[in-house]
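*Asks:* Each chain is listed here by its residues.
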Amino acid sequence: MATKAVQEKERVVVRFAGDSGDGMQLTGNRFTNATALLGNDLATLPDFPAEIRAPAGTLHGVSAFQIHFSSQDILTPGDHPNVLVAMNPAALKTNLHDLEKGGTLIVNEDAFVDRNLEKAGYQSSPLDDESLEGYQVYRVPMTSMTVRASEGIEGITKKDAERSKNLFALGLVSWMYGRPTDVTVRWIEKKFGSKPPIRDANLAAFKAGYNFGETAELFGVHYEVKPAPAEPGTYRNVHGATALAWGLIAASVKSGLPLFYASYPITPASELLHEISRHKNFGVRTLQAEDEIAAANMALGASFAGHLGVTGTSGPGMDLKSETISLAVALELPMVIVDVQRAGPSTGMPTKTEAADLLMAMYGRHGESPLPIVASYTPANCFDAAVEAARIAVKYRTPVILLSDTFLANSSEPWRLPEVADLPNIEPAFATGPNKDGEFWPYIRDEHLARPWAVPGTPGLEHRIGGLEKEAEGTGNISYDAANHERATALRAAKVARIAEEIPELIVDDPDGDAEILVLGWGSTYGVIQVTARRVRDRGKKVATAHLFHLNPLPRNTGDVVRRYPKVLIPETNTGQLIKILRAEFLVDAAGYNKVQGVPIFGEELEEEIIRRLA
Amino acid sequence: MATKAVQEKERVVVRFAGDSGDGMQLTGNRFTNATALLGNDLATLPDFPAEIRAPAGTLHGVSAFQIHFSSQDILTPGDHPNVLVAMNPAALKTNLHDLEKGGTLIVNEDAFVDRNLEKAGYQSSPLDDESLEGYQVYRVPMTSMTVRASEGIEGITKKDAERSKNLFALGLVSWMYGRPTDVTVRWIEKKFGSKPPIRDANLAAFKAGYNFGETAELFGVHYEVKPAPAEPGTYRNVHGATALAWGLIAASVKSGLPLFYASYPITPASELLHEISRHKNFGVRTLQAEDEIAAANMALGASFAGHLGVTGTSGPGMDLKSETISLAVALELPMVIVDVQRAGPSTGMPTKTEAADLLMAMYGRHGESPLPIVASYTPANCFDAAVEAARIAVKYRTPVILLSDTFLANSSEPWRLPEVADLPNIEPAFATGPNKDGEFWPYIRDEHLARPWAVPGTPGLEHRIGGLEKEAEGTGNISYDAANHERATALRAAKVARIAEEIPELIVDDPDGDAEILVLGWGSTYGVIQVTARRVRDRGKKVATAHLFHLNPLPRNTGDVVRRYPKVLIPETNTGQLIKILRAEFLVDAAGYNKVQGVPIFGEELEEEIIRRLA
Amino acid sequence: MSEGNGQPEVQGNGQAAQGVALTKKDFTSDQEPRWCPGCGDYAILSAVQGFMPELGIPTHQMVWVSGIGCAGRFTYYMDTYGVHGIHGRAPALATGIATARPDLSVWVVTGDGDALSIGGNHLIHTLRRNVDIKILLFNNQIYGLTKGQYSPTSEEGKVTKSTPFGSLDHPFNPVALAIGAEAAFVARTIDNDRQHLTDVLRAAAAHRGAAFIEIYQNCNVFNDGAFAAVRDKQSGAQQNQIRLEHGNPIRFGPENEKGVVQRSDGHVEIVDVADVGEEAILVHDAHHVDPSLAFALAHLSERPTGPTPIGIFRDVPRPVYGEAMERQLEAATEKLGRGDLVKLLHSGDTWDVP
Amino acid sequence: MSEGNGQPEVQGNGQAAQGVALTKKDFTSDQEPRWCPGCGDYAILSAVQGFMPELGIPTHQMVWVSGIGCAGRFTYYMDTYGVHGIHGRAPALATGIATARPDLSVWVVTGDGDALSIGGNHLIHTLRRNVDIKILLFNNQIYGLTKGQYSPTSEEGKVTKSTPFGSLDHPFNPVALAIGAEAAFVARTIDNDRQHLTDVLRAAAAHRGAAFIEIYQNCNVFNDGAFAAVRDKQSGAQQNQIRLEHGNPIRFGPENEKGVVQRSDGHVEIVDVADVGEEAILVHDAHHVDPSLAFALAHLSERPTGPTPIGIFRDVPRPVYGEAMERQLEAATEKLGRGDLVKLLHSGDTWDVP
Ligand SMILES: Cc1ncc(C[n+]2csc(CCOP(=O)(O)OP(=O)(O)O)c2C)c(N)n1
Ligand SMILES: Cc1ncc(C[n+]2csc(CCOP(=O)(O)OP(=O)(O)O)c2C)c(N)n1
Ligand code: SF4
Ligand code: SF4
Ligand SMILES: [Mg+2]
Ligand SMILES: [Mg+2]
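The listed protein sequences derive, respectively, from chains A, B, C and D.
Counting in my numbering, the first sequence runs from 42 upward without gaps.
Counting in my numbering, the second sequence runs from 42 upward without gaps.
Counting in my numbering, the third sequence runs from 47 upward without gaps.
Counting in my numbering, the fourth sequence runs from 47 upward without gaps.
A portion of the hints provided could be inaccurate.
[As the list claims (entries may be wrong)] Some but not every residue of chain B turned toward chain A, in silico, with C-beta under 7 Å: (1) Pro87; (2) Ala91; (3) Ile93; (4) Pro357; (5) Asp360; (6) Leu400; (7) Ala470; (8) Gly474; (9) Ala523; (10) Thr616; (11) Gly617.
Just so you know, these hints were derived from the structure itself, not from any lab.
Glycine residues also receive a C-beta, built at the ideal position from the N, C-alpha and C atoms.
Please put together the full structure from these sequences, using the hints given.
*Replies:* The following block contains the structure:
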């Protein structure tokens, strides 16, 4: 058959949108996979409905998946889709406003029947009035074509056949952007191998969609997005949640400490429990506790017993763990607390992203209760963040809070797999014998002010520790002595502060070294800050960027960096939290760009903000 | 009998110290009472042992009570006692170092027997070696004289007789400082009325002590401390805990809202539960909950039901309440959370004072969860603070955190009783009918951004509220809309911020208006800051002082005030918390004077610090 | 309602409204339910809304409180006063409401995770205090809202998202736990048996104090069919439902051919009536002050996969917490006189400075 | 102990030390106890320290965990590994230890407030999971450390600092609550009866899994004499102690003249043996899988003010949580092969960039 014109593109943003029942997440993930294997750089962002399964066809039942892929390296899922696939009217209604002007809109024509239009709140069908003017609209009867494609398949019901329409859409878009089909075909065969009729229907739908693009008059051209240049190595596409879970397992392997993960389910942290639980062959223990308080105590108990105790949760659960974290600060035992932040306050918007728990991580415990804080900043970086949090926890015998967020947890990017050998070593260095004239004193400190970790089962090191104030430089015996309390408080603070001596300095990206403004970030704003800086530079303006991986203590040169620039801009998806810390520490008149909408900051917003600040 | 020479003194600090079994707190409180009735200004500070009843005679079983009284107005219990009464060797050992050089030491000679000396860790009796040189030592065989005094009393055992030796000490010191005896006699008669032998033994002991001073050659002179000038009015001596409890009751009376106090016992907050429970005739409901989380939810539920919901606790309990407080922020219901701060982290030193929960009060909840904070600053002021916290909570429909601390709760001062009529009015202003085209929308806001408080039982106002994000300007229906969340977040913050429009400006005490340093405080440092400022001024230096009653929002002129002075010093019994807030807000290079020893800041320390800063 | 609760006129109206005939519509809010199609929660909601008018309690005198979970959404659908609190704390929140305002009718909706996992402590304390709250526990033996982790009522070995190799936890028996926690009213019913559910609700409403109702609720998305044996006709619900009725011999089965007897070692057992004779069959006594029999019946079946008792296990009178508190306030007022702030401030030793 | 728990050589030593004869002194730390003179806690401490050597477990293989309260101080006095955690959370902390390290002997000391008020949820979940922890609940029916508020086991109407007009709470029956929470081992003993206390400890240590032991403990400062009827000779302890012994008829009284019988309505009752005849007396069966009898016995007396059962109510085998988890890890390893980090990272779809 006559192949069609191929046009090259540098970057494309596609969004698949449909009913939660339509399998849009699956479609997006398959498309992502083919795209990754093709070697494009990419970033994805799913958008689930809050309800488990909202009634079909309703606005709040819409589920979407966005992917940004390119022949250049990219860092965000993109602000506006160039292509929107809408499987029903509700999906069109809730997503159209994001589509770029003149963008490509592919709709499943079959779904635009009165009942669905009504559920979506359309008086008249947008396909028949002028509401879609200004877009390049393709009306494709996906459902019926899918059903037709499955005709003749043994033992397939019409309902099942219709179910595969998402594969039709996948096939069509795969054709449009020249995605390899074999990987998807293989996946379908594996996934539905046990149910031949379903398997065949899905294969038929996928191919039908692909062929439809190839043959139908509808589409004049299709596009090619060349592989992106990338460092040599083995890559995979990874979600933040998976990377974080694997990072914890890696820390266990590198330290020889069995991982003990205790958690109480909560969106979006549950995925960590799910993922870690799949790998019990690593000697990983997972425990679904009765609540977050129990989970924290179980992890802490496991740490006392010589394991790598970790607990994970999201905002509301952090509130509940705070008393136990304070105990961990007093006990000075290694422990990692993962907070996958979500939109608050209270129950808030459980499925939406926000990074507003930083100040709680810093100060959310009674009394003086300092601890180190690490924040991951890309999906793949969640792996490194987990390893680093565990490394600090073990080396300094301290609880460490690891901040992630919904956006990082759910989105994905290609990840150049690290060499296991290159991962930092984590040395438990258990106490093995007496440390003080034949006795064992649990609070004698090393050069890092860390105390010995004496694990039950070690003869001669029997000792008791607790949450009451104690002789903090020696016996650890209960002490109400005034001077000791002051000293103990200072020691706990100094131990954390001194970590700054060994963590890397804050790296500033300032091509000409004379930028007028520094854009300083932390957490998931990394991607958008980098992208925006490039755009701003492309517009001939000078901007420096830096990103904090360690939030407490701050890198030792942080003060110099922020004081070096006439203007400092701090973008955060909260009302301004890092900025408070920096202003208090360094008395710099930093300004914030704050977005609290349950969604990430977009490049265009930030770009305008920076330009405004520079003007 | 020949009465002895009387010498006038302006101020005296006396400390009674003995075994926890010796009744030193009672002795101190009786002496305080007589002193108050005599019209001296005074301030007291008890010092309990951590254990319930440590073994008799041990160092950690020592209980002490300090009172500072004067013919001038004073604000602190004093740094160093001029007179130390030591009932046993342990009490001497643990308290001597505080006694001023050349100070008066009165010991119960009978208690200095080998067993006690040993328990106190004395090799030889300090009465017989030179270790008491430099003090004016009076050896009084209190036990035996007490026993002798009770001879002939019907049905009194030797053991009971000995028990009254604390009243002998009280009598003796009462004579030394010319305290009225009738009030104490009346009290003894009332207290032990039901047990005549005990009553008579105590009376005998008290009089014996008094007469011993009068007659014994031992004491050359005794002293007079004239009444202090004071505003006309009726006074009483009051502890911070009592004042706070009464303030909550007063808020209930003034608002017509029944007080609902739910709490879980914890030192030092339990006293609030105890005191409020005594006054059920005010229609006050008290509920000892199963834990702090339940207590907070019960109080919140009571508020929803139209009561004044209050919960009280200390640091560890605050951690546990944080998730519920975050819910209260989302529900926008009136609620008062009292945090009687104690030394942390974790269990810390439960009986010791510290004010290190300020940043937790500000930021100790996940997400963006702003709320007003009020901090009491003297024992009597705890009353006003409670009324103000309740006023703000009700007017703005918001949880309010009221910060007190162990020092304020346990110490006492004379209190000029307010006129009930002068107390601020608190207007519940319940919603009584529909507010939107015949419907009731729970999130329509008034000019203060407060929402209507519609109480169950009100026909037509049925409505549902919850912790999920909601249409924050109207229906209150669940909303996941991005713009709404940002607006809702801003509204919750603005509502709290706007309180600054009505609270009084920060008052600065700067006699000549040209001080070089501002000493700015909050909470229980008020007394020492005032006293110290006077001393510094007496030394011819210029110092301005100001004290924050509202910590969030800050008084609207706070920025101007702190910027006005070349130097700003912020004394806190933590490692620097208010200072972080002020530096971040106003970018002023304020300095801190921080003491984290479980005890209040002393005047002499702060005086030196200020002088140092001025140098 | 006690005086001095701050809104007498409100109460007045409340009273006034009493007795007005209400309909299901009056209890139906304008929010459309958002559970999965086919979820058992719909049936419960409909049964509850249908039953409420019978109580003759005006909608403004009623408060529904819930925690977090699919079940927790319930509150939004009842056109009464309502609070959707945080996870696990509904019983505590409701305790505040019911204790502050004994005049209100307070209902709690909770899930097996909400009530028995994170909220276990509040549940047992609310039951022992006998706070006047009706607690509806929607037990679907799974965490629905968080998309399918096992719960404290899930069977051992259950494979879920959080237990890919099977759970290790021995589950709670909610009815037994409630009885062990001193509950005065304990019942069990089924989402899709509207009649039985309604009868249980009626008895719970009549009980003065805390009523605990376990409702077998089908989560057709994450735990479909968990209760098939007692819930679905085609799975033999007839044979498996052991309907407890106070004063009647405990018999069941299509022809009532099965019965329950008590053994000398205290436990109860299922037998063929024919084998033991009718008189040997245990007669149910829900009003016995001693909870032993109710407890034994709770353990008649450990899992709802075979013959399982439903109905009212226990229903005995006990002092009601909120009322007792009110009486205490009255007693204190009688003893000390109505609170007078001026008197309070001036109590004890005071002195005057002219 | 499982491999890969990070300290094999430690374990080696642990083993080595096994069998070394230990004495009470070995379990006595250098910290002097700081309870009030006359506190029942002293007797319990002495009995525990005296019994421990019998177990033949080296001190370094043992961990004591406690919460906050007077009872919580216990940990500091045992010369083993120990953690003094926060209020109410000891069972959860200990669950982490026991589940991570099944080779350790883990003991918890808690109070009636610590275990049943703030810690109630962790307690019931630890019991249902059958985590290998021995829980000693020092029940003095009061909050000691906070100086005398009522607790969840205090009698109704109790006047305390927090209830000057009397408490309104109906108390828990700790043994009944534990049985309702699926506990596999449940016992009750008394602080001053060293022999009985020791026997119960021995049985608890022998039980594999969670053991719940309620110890009546006299707080002579804030609640003196609460257990006089069953604790003090002069108050008739002889008449009132009903000593449960597995396999024996439940009889008591100076001449064993009293006994316990079961009624047809499931509850148990005290009778004169003479009236009913010896054969009518209930024979105690602590090993019955069905908890009904144990529960009925728990309710034989609601308050320890008259005849009250002590001893082992229930002792049945159940899978042990920590061991089950270990087996699961082994099974997973067999199924998937020992975890290989490189393999994990490279699993699924990857691509190479040359
Ligand atoms: C403090 C806190 N922890 C965890 C969660 C997450 N969460 C919400 S509902 C739920 C459990 C739902 O299960 P269940 O109570 O049985 O209700 P169902 O959804 O099955 O009706 C969990 C773990 C939360 N919202 N808050
Ligand atoms: C989170 C928290 N809440 C409250 C307290 C205060 N507190 C310490 S022990 C205790 C209760 C003590 O009673 P119990 O558990 O019976 O132990 P006992 O002192 O009687 O042995 C309380 C309320 C605390 N330490 N931490
Ligand atoms: S997840 Fe289950 S319980 Fe929740 S709404 Fe869906 S079907 Fe109902
Ligand atoms: S208060 Fe009671 S329980 Fe606590 S140590 Fe004293 S006597 Fe023992
Ligand atoms: Mg459930
Ligand atoms: Mg107790």
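*Asks:* Interface hint check: proline 87 of chain B, Cβ to nearest Cβ on chain A, cutoff 7 Å. Holds or violated?
*Replies:* This hint is violated: proline 87 of chain B lies away from chain A, its Cβ roughly 15 Å from the closest one there, beyond 7 Å.
*Asks:* Once the shortest beta carbon distance from glycine 617 of chain B to chain A is found, is it less than 7 Å?
*Replies:* 9 Å, violated
*Asks:* Can aspartate 360 of chain B be said to touch chain A, with a Cβ gap under 7 Å?
*Replies:* It holds, given that the least Cβ distance between aspartate 360 of chain B and chain A is near 4 Å, below 7 Å.
*Asks:* Min Cβ distance, leucine 400 of chain B to chain A: is it shorter than 7 Å?
*Replies:* Nearest chain A Cβ about 4 Å off; hint holds.
*Asks:* Can the hint on alanine 91 of chain B be confirmed by a CB-to-CB distance to chain A that is less than 7 Å?
*Replies:* It holds, given that the least Cβ distance between alanine 91 of chain B and chain A is near 6 Å, below 7 Å.
*Asks:* Quick one, is the isoleucine 93 of chain B hint okay against chain A at 7 Å, beta carbons?
*Replies:* 15 Å, violated
*Asks:* Grab the minimum C-beta distance from proline 357 of chain B to chain A and call the hint holds if it beats 7 Å, violated otherwise.
*Replies:* Holds, about 5 Å.
*Asks:* Should the hint that threonine 616 of chain B touches chain A count as held when the rule is a Cβ pair under 7 Å?
*Replies:* 5 Å, holds
*Asks:* Hint validation: glycine 474 of chain B versus chain A, beta carbon distance must be below 7 Å. Holds or violated?
*Replies:* 28 Å, violated
*Asks:* Quick one, is the alanine 523 of chain B hint okay against chain A at 7 Å, beta carbons?
*Replies:* Where the cut-off is 7 Å and the nearest Cβ of chain A is about 4 Å from alanine 523 of chain B, the hint holds.
*Asks:* Would the stated hint for alanine 470 of chain B survive a check requiring a Cβ distance to chain A of less than 7 Å?
*Replies:* Status violated, d = 25 Å.
This entry does not satisfy hints 1, 3, 7, 8, 11, going by the numbered hints stated previously.
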